[in-house]
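Undergrad: Line by line, the protein sequences give chains A and B. Reminder that position 92 of the first sequence reads as 92 in my numbering, one-by-one numbering, no gaps. Counting from 1 along the second sequence, just add 1000 to a position and that's the residue number in my numbering.
Hints are computed from structural coordinates only; laboratory data are not their basis. Do not take every clue at face value.
Interface residues of chain A toward chain B, partial, derived using beta-carbon atoms under 7 angstroms [stated by the list, open to error]: (1) I155; (2) L165; (3) R169.
Nothing here was measured: the structure is a model prediction, and the numbers come from that model. Using N, Cα and C, we set each Cβ at its ideal position, and we do this for glycine too.
Now for the letters of each chain:
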Amino acid sequence: MFWIKNARCKLLFTGIFLFVLCVDTKGQKTSASAKILNIKVLSILRDSAFIMVDSLSPHPTFPYDQNYLMFQFVNTNDSTKKSFSYLLAGLDYEWITCRSCSQVQYAHLDGGEYIFKVKSLEPGAEPAVYSFKIAGNIWHQWWIVPMLMLYFLFIIGLVVYFFVLYQFRQKLKEQRLIHKEKMNSMTELTTGIAHEIQNPLNFVNNFSELSLELAQDIKGELDSLDVNDKDRIYIDDMLSDLIQNQQKINHHGQQAGSIVKGMLEHSRVTSGERELTDFNQLVNEYLKRSYHGFGTKEKDFKVEYETIADVNLPKIMVSPQDVGRVLLNIFNNAFYAVNEQKKQKDASYLPKVTVFTEHTDKKIVIKVRDNGTGISPDILDKIFQPFFTTKPAGQGTGLGLSLCYDIVTRGHSGEMYVTSQVGQFTEITMRFHYG
Amino acid sequence: MASRPLGQTVRHLRQPPDIHRNAAETPDVFRNKKLFPMKLIDFATYLVAIAMYAVVAPIVVGSLLFKYQPKAIRILLAGLTVILIVDGIMYLSDYQNKNTFLYVFSVIDVAMASAMFSVLTNRQFARRVIYLASVLVIVLIALDALYWSGLTQNGYSNAIGKVFIIILCVFYLTEFMQNEEIPRLRDQPILWITVGFLTYNLIGLFDVFSTQIVSYSQSLYIQFYMFWSIVTIFMNGCFLFAFWQSKNMVNH
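This is chain B alone, in the form it adopts within the complex:
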């Protein structure tokens, strides 16, 4: 999930399929500045670029403060790093169909969130359920990618992965907020990580409608991804703050 600035968002906006970026490709009607000044897409492109590279900031801060971090936060750091590497490979290879990578990112997201939240919970039963459910979701994503939706489509299993992560976040955040030992919630890195995950995946759920949106309205589509870029930046900001606060973490 953390990857979306370099993953899912890029899938849509690094090479937006229906948006003519080059003047040579642009139909005459779009060259008319009065009719279509092209400002929205330019702004969206910059915003997506910022969202893409925003993930670097938490990774750098997390690496610098590595020695202070408990296991759960190190899992997040490792997950973000893997995502950055996969993104880098995708960028360098200039892989055309970003949907294939979307499945990879979904698997990384689910695995990362499951590992992190199972470390955070003290309940043995909950831990087992999380492990089991995460395996099921990953198998589901694999089947969806290979057999049902296909590698070139944005399958519904990606949305199921997001729902799974939302459930984990809600479960943990409930447990976290009921913990009376935590003196100041806002000082706890895990709160910000969970808020980041939750916000991102809640907004990201809307991706199930994205194919229809792009067919319906290009400008609406761009606006949605601009909003998503802002959410991605917010999420990375949460991670950055969480890494910065990692010394204060109270586990329970």
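Bound-form chain A, shown alone:
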């Protein structure tokens, strides 16, 4: 009955058929060899009745969704002749000839200007002309492609973002795991060595004490011996040296003993008696103790310290002695760091130690932050290792923080982390789980 211009149009036409608009074009181009009788416009949107519009309306603009047009035409000289040539300028490149037709349909026209021309096949025939415009739909708007691209880029960006975040998290987890394993093996090694050293060291200490007593006894009995003065002086000198040597052996033996004792503490991190503990109270108590302890050792020691406490902190089952020991150690380190920083900085520097206690779902978090010297990034992951210290020789064994780490992580199944920036701050975070 009618033609559909191309395969694409045919496909769309099968899915869309809603409303018909009719334009009466009688009277157009009377001198032409053909006359356009009707123009029917199919809309893909509204279900409506057949509408007549003013045929004399020049150059009508159809909405983008009324882009199905059917032209019906007739030969003005002989209405029985049905051979025509037609062309839709704006779509067709050349005239199309049909031998037995009176109508043609164009489906799914894009937005733009069009001129429909039709003429009979008689030589010198003038075409009938009808011009119209199809308004462009959203796809013809300049912004639609950038908008769609932006939309898809946004989705892709989010996927990439979360992928990177996930990879970063996995890497961090891996590092933490390696660090934990390393710490565990170092602790085992430390306690193993300590156990091995302890027995021979006990012998050294005990026999050095015994030897010292024996030497002192001999020295006491020297006067009662029947020896000449020259020999007596000689023996006395020898005994004095011996006593002095024994005292040194004993002194350093005791020192080594205390280090071994510290090393062995790692194996006893879970031995403390557990009871319901108020962390706020514990923090305040040990913070004051540390501050005053440090103040007695250092002259002109003045540091601002404060506790920002979560008042709803629940009491949890921990060993208060062990946790107190951890707190004391960390507070001491914090005060030491700010004191060192104070020595390097000018008078405007205000040393400050802040302790935060927080309570989130089934865990208590304690953060100790100081604005001291900070820790260099290359040694940050070593500070919990046994025997690692940044203090000058003789001021620290390097066992304090490693013991703290063990008490928190192994003794109380918690977590302990450090973040720091050189010259700015150090923050030690401890998390204790409960429930």
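With chain A held as given, fit chain B onto it using these hints.
TA: Only chain B this time, still in chain A's reference frame:
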């Protein structure tokens, strides 16, 4: 957002405005099986129906495991239930213009997401910002519905509501993934809830183009809503899994 199987999707597909479902209404050309076998629309209808009722599954599982759920998940459960009720009212009343309900669903979505994510975040400042922003978005939706776009149109404020929820999801998911205390992400219900929200709203953003799509191509329109139905089913699947995993939730 969770509602869309019973809300927004229904708006478009329960009574698709331009798709002839009844043979009596169908023009002759569509009765030609060779030309138009009608399979796509049938498949789409079934898919939308599944998406519609998929929301019931997380609600049932969530109700059964209610005692294990932390506050945030209970907010989600409450939100889903409200959405189901509104959907039920819409279905029973056979309200013709689904766009009006779209505004209602947008308000519920924004309120639910804001309440949930503000409970989840520990930052007081972030919580205040979320509350304030959610109030602004709700006011914007109301103004759009009543004065600007009108109740019968799918206003752009619905898209703004979605963008707001996407921002909340991205913010929370970032915070969540940076939390080193969470041992296994996939065991955490909140991850699945956020993924469900995020996916749904990202795809749902495309709704701003839907009016143009329906004008442009019916089959494209149906395909988009079929895809959206799958996304909706996926989202409800995420919620279902999240409720199932609610015992493992780690808050921070």
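Undergrad: So, for every hint listed, does it hold in this structure?
TA: We went through each hint and held it up to the structure:
no., hint, result
1, I155, "holds (6 angstroms)"
2, L165, "holds (5 angstroms)"
3, R169, "holds (5 angstroms)"
Checked against the numbered hints given earlier, the structure satisfies every one of them.
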